[in-house]
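Construct the entire structure; sequences and hints are all you get.
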Amino acid sequence: MTNGDYPNDILQSLEDYNINIRDFLPGHGKGAKLLLNFNKISGIEQVDGIILKGREIPNGIVADIVIKEGTKHEEPVHLCFGVNKETGIQEIFPRIIAEDNTEVKIQAHCSFPNANGLIHKMFGHFYIGKNCNFTYSETHYHGENSGALVAPVAYMYVGENSVFENNFTLTRGTPGKVKILIDIYALDNSVIRSNVKAYGKNKNDSIRIRDSVFLEGEYARSVIKLKAAAKDGGEVLMYGVTEGNAPHCNGHVECSEIVLGKGSICRARPFIRAIDPRSSISHEASLGRFPQKWLDELMARGLSEVEATDILIEAMLQEDTKL
Amino acid sequence: MLLELKNVTIPTFDQKCVIVNNVSFGVKEGSIHAIIGPNGSGKSTLAYTIMGLSTYKISQGQIIFDGREINNLGITERARLGITLAWQEPARIEGLSVSKYISLGIKDKANLKEKITDSLNIVNLEPEKYLNRYIDETLSGGERKRIELAATVAMKPRLIILDEPDSGLDVIITEDFMNIFEKIKKLNMTILLITHREEIGMVADYGTLLWRGDVILTDEFPKVMLRYCAKAGLKEWCKRTLFKNEAACFDDDYIDRIFREEESS
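As given, the protein sequences belong to chains B and F, one line each in that order. Under this note's numbering, the first residue of the first sequence is numbered 1, with each subsequent residue one higher. Under this note's numbering, the first residue of the second sequence is numbered 1001, with each subsequent residue one higher.
Honestly, I wouldn't trust all of these hints.
In silico lysine-lysine, DSBU-like type, Cα no more than 35 Å apart, as pairs [unchecked claim]:
{"no.": "1", "chain 1": "B", "residue 1": "293", "chain 2": "F", "residue 2": "1109"}
{"no.": "2", "chain 1": "B", "residue 1": "179", "chain 2": "F", "residue 2": "1100"}
{"no.": "3", "chain 1": "B", "residue 1": "105", "chain 2": "F", "residue 2": "1100"}
{"no.": "4", "chain 1": "F", "residue 1": "1235", "chain 2": "B", "residue 2": "293"}
{"no.": "5", "chain 1": "F", "residue 1": "1115", "chain 2": "B", "residue 2": "293"}
{"no.": "6", "chain 1": "B", "residue 1": "53", "chain 2": "B", "residue 2": "40"}
{"no.": "7", "chain 1": "B", "residue 1": "53", "chain 2": "B", "residue 2": "85"}
{"no.": "8", "chain 1": "B", "residue 1": "293", "chain 2": "F", "residue 2": "1107"}
{"no.": "9", "chain 1": "F", "residue 1": "1235", "chain 2": "B", "residue 2": "203"}
{"no.": "10", "chain 1": "B", "residue 1": "121", "chain 2": "B", "residue 2": "72"}
{"no.": "11", "chain 1": "F", "residue 1": "1057", "chain 2": "F", "residue 2": "1100"}
{"no.": "12", "chain 1": "B", "residue 1": "293", "chain 2": "F", "residue 2": "1028"}
{"no.": "13", "chain 1": "F", "residue 1": "1156", "chain 2": "F", "residue 2": "1223"}
{"no.": "14", "chain 1": "F", "residue 1": "1186", "chain 2": "F", "residue 2": "1100"}
{"no.": "15", "chain 1": "B", "residue 1": "105", "chain 2": "B", "residue 2": "40"}
{"no.": "16", "chain 1": "B", "residue 1": "293", "chain 2": "F", "residue 2": "1100"}
{"no.": "17", "chain 1": "B", "residue 1": "30", "chain 2": "B", "residue 2": "225"}
{"no.": "18", "chain 1": "B", "residue 1": "293", "chain 2": "F", "residue 2": "1113"}
{"no.": "19", "chain 1": "F", "residue 1": "1235", "chain 2": "F", "residue 2": "1006"}
{"no.": "20", "chain 1": "F", "residue 1": "1016", "chain 2": "F", "residue 2": "1107"}
Label pairs and their calculated CB-CB ranges [to be verified]:
{"no.": "21", "chain 1": "F", "residue 1": "1012", "chain 2": "B", "residue 2": "286", "range": "25 to 33 Å"}
{"no.": "22", "chain 1": "B", "residue 1": "272", "chain 2": "F", "residue 2": "1026", "range": "54 to 62 Å"}
{"no.": "23", "chain 1": "B", "residue 1": "280", "chain 2": "F", "residue 2": "1110", "range": "51 to 59 Å"}
{"no.": "24", "chain 1": "F", "residue 1": "1072", "chain 2": "B", "residue 2": "20", "range": "48 to 56 Å"}
{"no.": "25", "chain 1": "B", "residue 1": "272", "chain 2": "F", "residue 2": "1007", "range": "51 to 59 Å"}
{"no.": "26", "chain 1": "F", "residue 1": "1077", "chain 2": "B", "residue 2": "12", "range": "36 to 44 Å"}
{"no.": "27", "chain 1": "F", "residue 1": "1077", "chain 2": "B", "residue 2": "20", "range": "40 to 48 Å"}
Everything labelled a hint here was simulated from the structure, so no lab data went into it. Cβ atoms here follow ideal geometry from the backbone N, Cα and C, with glycine treated the same way.
As C-alpha cells, then:
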C-alpha cells in the first residue's frame, strides 16, 4: 500500500503528531496495523502472534484484535480510524483480547481533519489476561471547525498480575462535542494507569469524560489522571471514578483543570467509594489558573502572561504517552 | 552603574508594615554584587521587587536600570530589558522538557540546540543526559537549580539575580556553584547574588549588608562581610575561619577595631 492509497489529509494530520507515516501503512514498518477510511477497511497487516480481523457493516466495522498467549512486541499495533469527509457516521465495534503473558502496545488514531457534523462512535471491549503488560493509547484530532460529535465507550477487563495503561489524548485542533465513557475492571494484583487529556478551545467545544476504575481484586492498584484546559467558552467536565471493592486495593484519582477566558467552564468530579475497610482510595482536584509563581518564572524569561500560560498548558497536556 | 536603587521602600502587600526601608545602593556592570543579611532581613523581597513581581511594589524611591527608571515596568518588560531571576525554589513543571524550558528565554532561535547545549555545559550538566528530561520531580534539588541557572544564562541577560542559589545544597556542590558564578561573570553578565551564607558570597566583588530592612553598608565584599560578622557577634569564628586564607584578609587588630565600633554603635 502506498501513500496514494490513503487520504492525504488524514496522513498529514498523523504526521503532525510526529508519526512516521512511511511505516504506518501496510507493507511498511514492522508493526501490525489496521486502517479504516470512513467505513471501508483500507488495509490490514498481521504479524506473528497478533491476529487482526475486520468486517465492514453499514456504518462502520466490527474488528477483532487477538494477541496470542506469550506474544511480546516492541513495535506498536497501529489502528487508524480516519475520516476526511465533513459529515457521516462512523461506528467502530472493536474487541481486543490479550491472552496471558503478553506484552503489547496499541496506538489508535482517530483523525477527522475536515469534520463538520461528523459522528464517530465506538463501542469497545478489552479483555486483558493474566501477567500481561498492555498499553492502549488513543489520540484524537477533530480538525479546526469544532464539527465532530464523538462518543466512544470502552469496557476494559484487566486480569491478575497485569499492568494496563490507558491513554486518551484530545489536545490538538478543536474537539467539538465529545462524550467518553471508560470503565476499567481490575482483578487481583493488577495495576491500572489511566491518563486522559483534553483541551476545549472555543464555545463549540464541549467535552465530557467519565473514566472509571473498579478495583475488584485483592491488591489491585490504580491511578487515574485527568488533565484538561478550557478557553474562550470551551467546556470540560471530567468524572474520575474509583471504587475499592476488594481487600488491600489502592486507588487514586487526580483531576487538574485550567480555565481561561470568559465563558469557559471546567468541572472536575472525583467520585470515590470504598466498601472494604482494608482498601485505600484517595483523590485530589485542582481547578482554575496556574500558580502565579510558575507564571512569574516564565515571564522572567521575557514571556508575556499569555505566552507563559500557553507554555504551561502545552506542558500540562504534553503527550508523554507517545509510543 | 547598571542597577541603582535610590531610597527604595517596600511595604508588605497589605501596606501595613515596611519590609525594606529607604535603601540605596548601586550594582556595577560586570561585577558580582552580593546582598547579605540574616533570614528575614528583606533580601528576597528586594530581589523580587527588582524583578518586578506583581505582589512586590515599592511605596517610594526609584529603581534605575541602565539609566532608565523601571518602577512602572512589569516582569516581562524588565526581562526584555535584560533582567532575569533564578529562583530559590524553582518550580517543577511536569511535561516541560529541559530543552524547551531553557529555550524559552533565547530570543534568536538560530542554532537553538547549540545554545541550549552551551548553557548546560556552563552549569556543568552533560547535555545528552538532560536535554530530553523534564523539569519535574525526577530532578534532584541541585540539578533543578543548575537548570535554572542554565535557563538564565541562555537568555544572555545583562543582570542575573540569583536568589539564595546555595540553599539546600551541600558544601561540595556549593563550591561548584561558586565556580559557575565566575564563569557567568566572564560572559559579561552582572550578578546580583542574594545569600546568607558567607562562603558563597566570597566570590562577590562588592556587597551590601541588609539588616532588618536597612542597608548598613555597601562596599567591597570582604569589608561588608566583616561588618556582618561584627553585627552578628561572630568575632572568633571570623578570625579563625572566614578571612583565614583570603587574599583580602584583615589582621586581627583590624577585626577587633571593627567589632569594637559595632559594639559601641
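Violated constraints from the hint list, given by number and in increasing order: 4, 9 and 20
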